[in-house]
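Let chain A serve as the given structure and place chain B on it in line with the hints.
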Amino acid sequence: MQQTLQRSLDSKTRQRWNGRLGGLACALCALLPVAGWAGPNGIKIGVLTDMSGQYAAISGPGSVVAAQMAIDDFGGKVLGKPITLVSADHQNKADIGVAKAREWIDTQNVDMIADLVNSGVAIAVQKLGAEKHRITIVNGAGSTALTNKECSPFGVHYAYDTYAIAKGTATALAKQGLDSWFFLQADYAFGQALQSDAARIVTGLGGKVTGTVKHPFNTTDFASYLLQAQSSGAKVVGLANAGADFTNAVKQAREFGLKQTIAGLLVFDTDIKALGLATAQGMKFTTAYTWELNAETEAFGKRFLAKHNAMPTMSQAGVYSSTMMYLNAVKAANSDDAEAVMKKMRELTVNDFFAKNGKLRPDGRFVHDMYLVEVKSPAESRSNWDQLKLVATIPGDQAFMPLAESTCPLIHK
Amino acid sequence: MSAARAPGLLGSPALLSWIGVLALGVLLPFLVYPVLAMEMLCFALFASAFNLLLGYGGLLSFGHAAFFGIGAYVCGHAAKVWQLDPLLALACGTAAGVMLGVAFGAVAIRRQGIYFAMVTLALAQIVYFVLLQAPFTGGEDGLQGIPRGALLGVLDLQSESVLLGQRAAWGLYGLVLAVTVSGHFLIARVLASPTGLALRSVQEHEPRARSLGLPASGLKFGMLVLSAGLAALAGALKALVLGLAALTDATWQMSGEVVLMTLIGGVGTLAGPAVGAGLLRYLHHTLAGLGSWVTVVLGGIFVFCVLVFRRGMIGEWLAWWQRSRAAVGSSGR
Numbered sequence: 001m002q003q004t005l006q007r008s009l010d011s012k013t014r015q016r017w018n019g020r021l022g023g024l025a026c027a028l029c030a031l032l033p034v035a036g037w038a039g040p041n042g043i044k045i046g047v048l049t050d051m052s053g054q055y056a057a058i059s060g061p062g063s064v065v066a067a068q069m070a071i072d073d074f075g076g077k078v079l080g081k082p083i084t085l086v087s088a089d090h091q092n093k094a095d096i097g098v099a100k101a102r103e104w105i106d107t108q109n110v111d112m113i114a115d116l117v118n119s120g121v122a123i124a125v126q127k128l129g130a131e132k133h134r135i136t137i138v139n140g141a142g143s144t145a146l147t148n149k150e151c152s153p154f155g156v157h158y159a160y161d162t163y164a165i166a167k168g169t170a171t172a173l174a175k176q177g178l179d180s181w182f183f184l185q186a187d188y189a190f191g192q193a194l195q196s197d198a199a200r201i202v203t204g205l206g207g208k209v210t211g212t213v214k215h216p217f218n219t220t221d222f223a224s225y226l227l228q229a230q231s232s233g234a235k236v237v238g239l240a241n242a243g244a245d246f247t248n249a250v251k252q253a254r255e256f257g258l259k260q261t262i263a264g265l266l267v268f269d270t271d272i273k274a275l276g277l278a279t280a281q282g283m284k285f286t287t288a289y290t291w292e293l294n295a296e297t298e299a300f301g302k303r304f305l306a307k308h309n310a311m312p313t314m315s316q317a318g319v320y321s322s323t324m325m326y327l328n329a330v331k332a333a334n335s336d337d338a339e340a341v342m343k344k345m346r347e348l349t350v351n352d353f354f355a356k357n358g359k360l361r362p363d364g365r366f367v368h369d370m371y372l373v374e375v376k377s378p379a380e381s382r383s384n385w386d387q388l389k390l391v392a393t394i395p396g397d398q399a400f401m402p403l404a405e406s407t408c409p410l411i412h413k
Numbered sequence: 001m002s003a004a005r006a007p008g009l010l011g012s013p014a015l016l017s018w019i020g021v022l023a024l025g026v027l028l029p030f031l032v033y034p035v036l037a038m039e040m041l042c043f044a045l046f047a048s049a050f051n052l053l054l055g056y057g058g059l060l061s062f063g064h065a066a067f068f069g070i071g072a073y074v075c076g077h078a079a080k081v082w083q084l085d086p087l088l089a090l091a092c093g094t095a096a097g098v099m100l101g102v103a104f105g106a107v108a109i110r111r112q113g114i115y116f117a118m119v120t121l122a123l124a125q126i127v128y129f130v131l132l133q134a135p136f137t138g139g140e141d142g143l144q145g146i147p148r149g150a151l152l153g154v155l156d157l158q159s160e161s162v163l164l165g166q167r168a169a170w171g172l173y174g175l176v177l178a179v180t181v182s183g184h185f186l187i188a189r190v191l192a193s194p195t196g197l198a199l200r201s202v203q204e205h206e207p208r209a210r211s212l213g214l215p216a217s218g219l220k221f222g223m224l225v226l227s228a229g230l231a232a233l234a235g236a237l238k239a240l241v242l243g244l245a246a247l248t249d250a251t252w253q254m255s256g257e258v259v260l261m262t263l264i265g266g267v268g269t270l271a272g273p274a275v276g277a278g279l280l281r282y283l284h285h286t287l288a289g290l291g292s293w294v295t296v297v298l299g300g301i302f303v304f305c306v307l308v309f310r311r312g313m314i315g316e317w318l319a320w321w322q323r324s325r326a327a328v329g330s331s332g333r
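Listed in order, the protein sequences are those of chains A and B. Residues 1 to 413 (our numbering) are what the first sequence spells out, left to right. Residues 1 to 333 (our numbering) are what the second sequence spells out, left to right.
Bound-form chain A, shown alone (with noise of 0.2 Å):
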């Protein structure tokens, strides 16, 4: 793997010095014009992700793993060429994120940019794909953005959005008869996407929501914001945040000990295992994948794990599954063109361990199965990465925003 990287670095470098001195030596002459260096070269990949901030773990260095494991295991090759991976730290920059993958699409000719996280870079990536026709798969990035009025021809958003993962832990709470909400909200357009799906469903169920209270970005003390929670009266206070500040969060809550149940509404496993079993037992969220859920799961987790010292968290799957599906779609459409590649995606039923019966709707949206799990407790836990458990698991039809809400300009022309 490493060596793999140091390659591609390599062709890289070389690929712009000689670059380079051809623009130098073009423009000194000024005489004739330097043939492309950049032709069909076979497929190229490029994992945009964030190898050393806030998302690393869940993307990051294990998503270009991933994206290496399928092309492994595809063959090294499609349509008789060579597959290369190349990838980058987009720092979680929009500005560094869309320069690095105009330089992609223009100098090295990549056909694909896969994982995406932070969906400001995700959406202006996604952009960047419609305009210059090139297929873009967010993996990383939960924002419904993507498939609503940010959505493009060329986009897929694969592993999970922020509606279904809201939506899967309301609706399951709700049915147990918790049917009152609080919600903590953080204080910028995500939290308020992520509060406005989770509140719209415990309404629809019958149920309702006592209050909303908006914390901050990076807030570390929640003490008054959980006061406010415990007075509330509801039986759930839900946590529309994420990360850092859904970790503090959650550690607090048990401080104080708050009686009330608590839903995370956007947790990776890495929150988990940030935040301990003996924190976070019984806390229940919905996933699109975790390793325990069966023996393909497993097999595929285990392999990871030998590659990458973690199990591989939601988007990490989701990069391996989706750089599968298209793969396989180039080799369907007998071409690179990215028109027919994504013409042969919307046509193919994706089947590994990832998606049963995945399929990818107009607006870009991958249908697949979501998952409601419930943490372990220590003394359920037979290893280290044992940490979840299945509670239920949610058909793709009922788990995303139905495509007649979607306000994607694509379906209703």
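What the hints contain is simulated information worked out from the structure, not anything from laboratory work. Bear in mind the structure is a predicted one, so any value in this text is a computation, not a measurement. Don't take every hint at face value.
As the list claims (entries may be wrong) - Reference excerpt, derived from the structure (chain A facing chain B, CB under 7 Å, subset only):
{"#": "1", "residue": "Asp89"}
{"#": "2", "residue": "Ala94"}
{"#": "3", "residue": "Glu103"}
{"#": "4", "residue": "Ser119"}
Said to hold, decoys possible - Derived contacts from chain B toward chain A, CB cut-off under 8 Å, selection only:
{"#": "5", "residue": "Leu132"}
{"#": "6", "residue": "Gly139"}
{"#": "7", "residue": "Asp141"}
{"#": "8", "residue": "Arg167"}
{"#": "9", "residue": "Thr248"}
Every residue gets a Cβ at the ideal spot worked out from N, C-alpha and C, and that includes glycine.
Then chain B, alone, in the frame of chain A:
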């Protein structure tokens, strides 16, 4: 007065260096990836605008990202929602920066040193918060899909063509280069003018300048507004180039980055900040493949520069050049 202006803006060495700058600007997209080249130019203008205040006014603003960010967002909104001509959109962004500069100046201009830095930082955080929460900015996702449009309805900035073997949106590149060079020319013009000299005297010894009857606060205020306008223009250009305005443009880290760009290139020199900005953006871009090592490498470079090139790269070079000229002059006598 004429003696003071002797180095001249268009004297023969100066004219030569301007031609050199233009030539470099034309060569740049053949040396690096063209979109990166445009980004480097935008940041060069940003850093030079910042340097106008720090290098010649002695005011360390720690809130310049606010101007840069507001320029990007307002220009993006004007181009995308109001569907204005790119030039008008740039003007809107710049105007927003100027107005913000007036507001900042009204509050902060009488403060000095760390107090000025802190007041500007605080004001910039307010702007950041507004950009995060305002309905038109798209929150943390930023403003996406800003069209490049057609300049004056004629010159298409979006379409790419091959020129001497290099494929790029040449129309857009021409615009970015023209705006950046004009911006630098304006800065040089202002600094070479009596106003610029008065500003320098204020920087060197404010009480003395005041005793000579110079309106110190007014001069600094004017420079702050000019600097804010140019920074906003740089942000607006960047929004057109990349087609997005992101929240990172307005974060305090961006304010810090422009300080580093200026320090690495050479504070108080005309070309230094531009060189520092270009270098830093280039490194950000090319090191993206290294993953988590980017921050380590950049950190190492900063430490190295601070320890070895204390005057910045261009500053050191200028100092060396002056020393060697002095040496030649004395030996010839």
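Hint by hint, which ones does this structure get wrong, listed from lowest number up? When the structure is compared with the hints, none of them turns out to be violated.
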